[in-house]
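Chains as they are written, first to last, in the UniProt record's numbering: chain A, 1 to 272; chain B, 1 to 305.
Please keep in mind that the hints were generated in silico from the structure rather than gathered at the bench.
One or more hints might be untrue.
As the list claims (entries may be wrong) - Each pair of labels, with its calculated beta carbon distance range:
(1) LEU57/A with ALA60/B: 38 to 44 Å
(2) LEU151/B with PRO185/A: 47 to 53 Å
(3) VAL248/A with ALA60/B: 41 to 47 Å
(4) VAL80/A with PHE215/B: 40 to 46 Å
(5) GLN137/A with ARG213/B: 54 to 60 Å
The structure presented is a predicted model; accordingly, all values stated were derived computationally and were not measured.
Glycine is no exception: its CB is placed at the ideal position from the N, C-alpha and C atoms.
Spelled out from the first residue to the last, the chains are:
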Amino acid sequence: MRPSRWGNALRGTLLSLVVAVMLLPVYAMVAVASASDATDLGGLGFDAAQFGEHLSLLFGQGGFPLYLRNSVILSLGVAVLEVVLSGAAGYALAQLAFPGRRVLFAVVVGTLSLSPIVVLVPMYLVVRQLGWIDSFQGMIVPFAMSAFGVFLVRQFALSLPRELLLSARVDGAGELRIFLRVAVPLLRPALLTLFLLQFLAQWDNLLWPLVVANKPGLWPLPVGLSQLQTEYDFSAGLVGTAALVTAVPPLVLMFVLQRYYVAGLTLGGVKK
Amino acid sequence: MTLTVRLPGPATTVSGRGQRWAEARAGSLLALPAAVYFLVFWVVPFAGAVWLSFTDYELAGVPAWTGLDNYHRLLGDPGFWNSARVTALYTVASVVPSIVLALAIAVPLSRPGRLNGVLRALVMIPAAMPLVATSMVWSAIFADEGLANTLIGLVGIGPQPWLTDERLALWALVIMTTWKHLGLFVIILTAGLQGLPSGVFEAAAIDGAGPLRIFARITLPLLRRTLLFVLVIAVIGAMQSFVPAFLLTKGGPAGATEVLPLYLWATGFGFERMGYASAIAMVLLVAMLALSLVQFGVLRGGDDG
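With the rest of the complex left out, here is chain A (with noise of 0.2 Å):
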């Protein structure tokens, strides 16, 4: 039995509709970003001057420039972090035979299920003993490495090509060498999944920054954002458009990344 071509049309067109639907508070994100006070936000019109204004006003005075320069910082620094960290743990965890690998292995998945709310509390209390209160050590290294990424570089390097690893060390290749030789070019798709998501999830952390930096010249966008309310006298449109300036990053990456983010969503839903 084939479906009709009506029967397939009218699928489309409901699906489309329901995507449309979908798509309209991202269209009101831009609507809004050009709205003159607030009692400009029902509409969806987009007045283009406006906009325009207000992207001036963003970007010439007050945090926000500041606010965005230190997102990139946070966000960057990382997800290079956690790319070289939890990269080498991972294939150390699944092809190196070292003193301690058990117990390491267990901390690790004994971690996945632990959430970052959980160890606020004492989480800060490690950075302020640290003497990293109000620095960009104490927003980055609590995030340097995630259970979630040393378990995927490790279960991504179990199925590593043993011959290949085999064949250089009797080549006489180093382990180091054939890890960063061998191993790395081989890991580049979770690497790059990895280093995807790590991006975004810090371009989007609000509670940490919250906690650990007070000085807002340390404020990253999701802090400065919350904050924006009280630096301007209350512009709805003025918020909206930073608001949408803070979104066009990660929209762009993912797009570009769209396989490795994919990829990382679906990990372990479609296979384990």
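Given chain A, work out where chain B should sit, using these hints.
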């Protein structure tokens, strides 16, 4: 770990003591940062959270052991019970519709076709929007003269004070959360559906099974693993959700949206009662673990893998 297996000739030369030593050295080196990191930022804080939950600790002072006092106090704390109730309601009310709707959209969307390819890419946009920016937009949507009131005005309902009404505020958060999760769950379920073997569906269609029957008897059971995954991340995500309540309502009005993570944050960092906040964290952790286990049990029941 022996490296001599099934390899003829030179392989034997890389096995043995020298190789084991080289591996142990490289492995320790590569894993050392991880060992230090997990010890300092997860093992110690977790042990600390357990310990602090049995102490009275104001940020300025020294922790004093008080046994089960914090937990006793929790039982009689109306603020805690309110937060527990709000979190439970928020979780159920946002998880159920987002999964049902996502499934209803993902099944037709997972079919091949050019239009579906485009729609699948578009669905990712809401999923990839940062939650903080999303919350900003939704607070404008729920503003007095915002889009929500414009839309209900079209069907003749008068404007509502979405974020300042005790009965409405939580539902405003639920609407936003459902929307935000919908995109994400559609992507995950679509990927799961596309991974299912197409032969089974063709065979069922040839046998004359209707689409509803195919969905109930074949799609749902085959998709169980993916559904379980979505359910677990949905429930855990909703239970530790902090951002929407913090940005849209600050927990108000009158505690109507004060979810547990917000209560924990306010207790620990607003009132600096670290011991009591840790006890709340323990309750949240146990609740999340218990619910995950229940979900695994229910959805895995009768499953071979």
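### Enumerated hints in conflict with the structure, sorted upward
none
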